[in-house]
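Quick mapping for you: the protein sequence lines, in order, are chains A and B.
With the first letter of the first sequence counted as 1, position 108 gets the number 108 in the numbering used here; the numbers rise by one all the way through.
With the first letter of the second sequence counted as 1, position 92 gets the number 92 in the numbering used here; the numbers rise by one all the way through.
For the record, the hints were derived by calculation from the structure and aren't laboratory data.
Source: prediction; values computed, not measured.
Here are the in silico distance ranges between beta carbons for each label pair:
no.	chain 1	residue 1	chain 2	residue 2	range
1	B	A50	A	I2	36 to 46 Å
2	A	E102	B	A7	20 to 30 Å
3	B	N17	A	F9	23 to 33 Å
4	A	K6	B	P100	38 to 48 Å
5	B	R80	A	A14	22 to 32 Å
6	A	T98	B	G94	15 to 25 Å
Using N, Cα and C, we set each Cβ at its ideal position, and we do this for glycine too.
What follows is each chain in one-letter form.
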Amino acid sequence: MINRMKLEFAALSANEPFARNAVAAFCLPLDPSLDELSDIKTAVSEAVTNCIVHAYRGGQGTVVIECETDASAVHISISDAGSGIEDVPRALEPFYTTAAGEERSGMGFTIMQAFMSDLSVTSQKGAGTTVRMSKYIGRGGDAKVADAD
Amino acid sequence: MEIDVKAAAGTLYIYLNGELDEHSAPAARARADAAIDAHAGADKVVIDLAGVRFADSAAIGFLLGRYKKLKRYGTPLYVRSVPAAADKVLSVGGLYALIPKI
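Hey, can you work out the whole structure from these sequences and the hints?
The structure is reproduced here in structure tokens:
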């Protein structure tokens with residue numbers, strides 16, 4: 001069964017817990033492990049932080065999250081209509097940040113890549129950014145079966 | 001994010017409780033820095049993460065910031081009792097090379 005949901009909320013850091021917990025709750029019918037759920041929450045938190053801190057730079061804006069689940073995966077799209085990323089490949093590099101003076105680690109995209117199965121970023125300067133990421137649920141379980149063989 | 005502080009035998013212990021993200025990090029930073037300044041003569045500082053229910057890369061920024069501050073005092077920083085989810089974030093960030101786990 002394909003299931004879908006869409007969230008739209010103000011780009012406020014106070015909404016970060018709501019956003020990651022809402023996505024996690026939507027994924028529950030897939031019966032994810034606690035580790036998988038934690039990975040999803042962390043990746044969503046990173047993407048939403050990017051919208052608030054970098055795309056809108058603390059100003060007003062809207063963040064849109066769309067999720068789709070099928071039998072074995074969740075596909076998440078997180079979009080803003082903010083400043084956009086000039087150089088996406090560079091933004092994906094570990095430790096790259098445009099806000100080093102604010103104690104930012106520059107590890108947001110690296111964590112999204114490490115914690116999710118797939119990640120892609122499309123961005124247009126001045127028009128906004130969309131991060132798409134998927135998590136395939138139960139692959140850890142498959143590995144255990146393979147190990148048992 | 002709640003922060004508790006305890007000083008014992010030359011060590012300043014900072015206990016973090018709650019969720020550490022972009023929203024909670026600024027207040028956590030201010031509380032931790034006030035504790036560090038109030039115990040400037042400590043031999044070492046240990047940040048205890050046992051009560052952290054969620055952490056994203058804001059935790060890396062938070063710990064690196066305290067590491068840099070303590071470096072100015074010449075005081076080493078350690079972390080302990082790191083929950084599995086936070087451990088994964090800190091490991092990806094390569095943080096333990098600077099701030100060892102005890």
